[in-house]
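Trainee: Here is how the chains run, residue by residue.
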Amino acid sequence: MLLESLLSLLITQDELTWWGISSLFCLIPLLWFIVAILLCIWVYRDAESRGMNGVLWLIVVLIAGIIGLIIYLIVRKDKTTTRAEPPPPPQ
Amino acid sequence: MQVIDEIVQTFNFIGRLVCHQRPERTLWVGGRYLPVCARDTGAFVGLLLGYVLLLALRRRDAKGPPNLIVSLMMMLPLWIDSVGQFFGLWMSTNDLRLITGLLFGTALAPMLVYALSLPPLNGKVPFLRRIQPKIAVLDDRASWFGAKALAAGTVLSIVLFFAIRMLEGSEFPLFYWLLSIPIVAGIIWHFFILPPLLLIAAVREYFRKKQSKKT
Chain A
2 MLLESLLSLL ITQDELTWWG ISSLFCLIPL LWFIVAILLC IWVYRDAESR
52 GMNGVLWLIV VLIAGIIGLI IYLIVRKDKT TTRAEPPPPP Q
Chain B
4 MQVIDEIVQT FNFIGRLVCH QRPERTLWVG GRYLPVCARD TGAFVGLLLG
54 YVLLLALRRR DAKGPPNLIV SLMMMLPLWI DSVGQFFGLW MSTNDLRLIT
104 GLLFGTALAP MLVYALSLPP LNGKVPFLRR IQPKIAVLDD RASWFGAKAL
154 AAGTVLSIVL FFAIRMLEGS EFPLFYWLLS IPIVAGIIWH FFILPPLLLI
204 AAVREYFRKK QSKKT
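The listed protein sequences correspond, in order, to chains A and B.
With the working numbering applied, the first sequence corresponds to residues 2 to 92, in that order.
With the working numbering applied, the second sequence corresponds to residues 4 to 218, in that order.
The shape of chain B in the complex, shown without the other chains (with noise of 0.2 angstroms):
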């Protein structure tokens, strides 16, 4: 039991580096309270969501964004709830910052993606190497996740939101690993090991341009 609540503890350490964890705004689950707020659950499980559509949906052939309208109608919500709340307009409530944040999440996880494919990068980031378009031009018109894989990710997402709400509350452990284990890795890929990966692979290309320009 000492390992487990260690371990727990650890996860509201890490969960504490990028959230303000207030109870209220916390989900309880498993009898513990998340690691994080509902809204920032709603983004890191949209995220792991939007990079399993990525395997699955993404045209490979492609060349362009996103599909940037959908992906603006997914982001939106969760900015104009934030906004609101911030200028203390209306209170949101848990359920909003959820699904917020899982359509912001969903609809970030391709965004993220690609931009990282475009230069100065051009997609040479180790572990999404695999899931990245091979060439990415921002001004062509063929989307390398178009419109109804965003829509599929936008239904996921709503289904997702149902599930978790449906485990809110509960006193089974298990579901509170279910939920916390995917959100401390988003947290410590997104915010601990991608910025430094982007800068190993920024600092290559450098000097490698350096050197074929040399040559």
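In isolation and in its complexed conformation, chain A is listed as follows (with noise of 0.2 angstroms):
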């Protein structure tokens, strides 16, 4: 009450509602840049293990969005699966 008191001081009820929800609101969207996050995390690990250069693409991804994700996806190389080499034939 208090804190409601002094702000409305400082602005209107109705700015100070819009306030009040739309910063709880905030922290939803938030969520969503994390998500965002984890996928510029996940696309430099991924390119690295398939031998591309992942920050490079991390910035594709940073600047262009999911555009850049799809990019990304349609662009990178098969993973190589590294095999023993076999025995050489007995002479």
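These aren't lab readings, by the way, just hints derived from the structure by calculation.
Check each hint, because a few of them may be wrong.
Footprint (simulated), chain A over chain B, 3 or more residues, beta carbon under 8 angstroms [said to hold, decoys possible]: (1) 72 to 86; (2) 197 to 205.
List time: in silico BS3-like cross-link candidates among lysine-lysine, alpha-carbon distance up to 27 angstroms [unchecked claim]: (3) B/137 to B/127; (4) B/66 to B/151; (5) B/216 to B/137; (6) B/137 to B/66; (7) B/216 to B/127; (8) B/66 to B/127; (9) A/78 to B/151; (10) B/137 to A/80; (11) A/78 to B/216; (12) A/80 to B/66; (13) B/213 to B/137; (14) B/66 to A/78; (15) B/127 to B/213.
Interface residues of chain B toward chain A, partial, derived using beta-carbon atoms under 10 angstroms [stated by the list, open to error]: (16) 68; (17) 111; (18) 114; (19) 141; (20) 142; (21) 193; (22) 194.
The beta carbon of each residue, even a glycine, is placed where N, CA and C say it ideally should be.
Bring the two chains, given one by one in their own frames, into a single complex with the hints.
Mentor: Here is the structure:
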């Protein structure tokens, strides 16, 4: 109540309600931001594991968002499995 | 009438949380401005169209992601238009904003649902379980939502674009509700229901894995 009355000296009741609800709702879109960060980390790791430039693809996804991610998924290389070399044939 | 005005105000308030609502970029339908701008109108209507198409056209047994090339072709126009306008290269029009938004939203819905099916969530998102692929494998070639389905989405987006354009400028209130209710439902679902659901699903999955490691 005290905080509300103090704030109401600075802004009107309507603005107070708007800012209150907006800031509450801003916490939820913040989750999408966290998802975007996790996505960038995943792209970096995945690109590095496939012998591609992880930093470059991280920047692409960071700038272009979902468009960058789709481009990455299209152009990414297949994972190469390292196999043990077969023994030399008997002479 | 007062109740209707209050509902409209609430819709505008919800729209304001995710959109700039500039009047010159917002469509006038049914005697009122819609709760979000033309681009967002397209995106939210497109998302709804995408979900409907998912119900009908998804390949239940496929594991691969939605066709990436066609998805990119549908999403790229919005990105180019937004970036070009942002850097002052050109000024977009409401028609362009609407059609690019529609194509983007239609392609985004399958991508979003598929992405939620990948680890660590593995398709365990409430309400979406039914339409999510049972197993999602990013490297699998068999597309869960193929090029033909996305092409159908493109055609329907264009049809919707002309339908919404026909409604623009009309004064018949029903048209306002016809568009604003799905838009507001889309905002609430994608911004205020889906993120907490994801968080709950992720935390549940984390504890389930921890439990299974112990036993």
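Trainee: Confirm or reject each hint.
Mentor: Now for the hints, and whether the structure bears them out:
no.: 1; hint: 72 to 86; verdict: holds (count 6)
no.: 2; hint: 197 to 205; verdict: holds (count 4)
no.: 3; hint: B/137 to B/127; verdict: holds, 10 angstroms
no.: 4; hint: B/66 to B/151; verdict: holds, 17 angstroms
no.: 5; hint: B/216 to B/137; verdict: holds, 23 angstroms
no.: 6; hint: B/137 to B/66; verdict: holds, 8 angstroms
no.: 7; hint: B/216 to B/127; verdict: holds, 19 angstroms
no.: 8; hint: B/66 to B/127; verdict: holds, 16 angstroms
no.: 9; hint: A/78 to B/151; verdict: holds, 25 angstroms
no.: 10; hint: B/137 to A/80; verdict: holds, 23 angstroms
no.: 11; hint: A/78 to B/216; verdict: violated, 33 angstroms
no.: 12; hint: A/80 to B/66; verdict: holds, 18 angstroms
no.: 13; hint: B/213 to B/137; verdict: holds, 22 angstroms
no.: 14; hint: B/66 to A/78; verdict: holds, 19 angstroms
no.: 15; hint: B/127 to B/213; verdict: holds, 17 angstroms
no.: 16; hint: 68; verdict: holds, 7 angstroms
no.: 17; hint: 111; verdict: holds, 7 angstroms
no.: 18; hint: 114; verdict: holds, 7 angstroms
no.: 19; hint: 141; verdict: holds, 7 angstroms
no.: 20; hint: 142; verdict: holds, 7 angstroms
no.: 21; hint: 193; verdict: holds, 9 angstroms
no.: 22; hint: 194; verdict: holds, 6 angstroms
Violated hint for the displayed structure: number 11, the only one.
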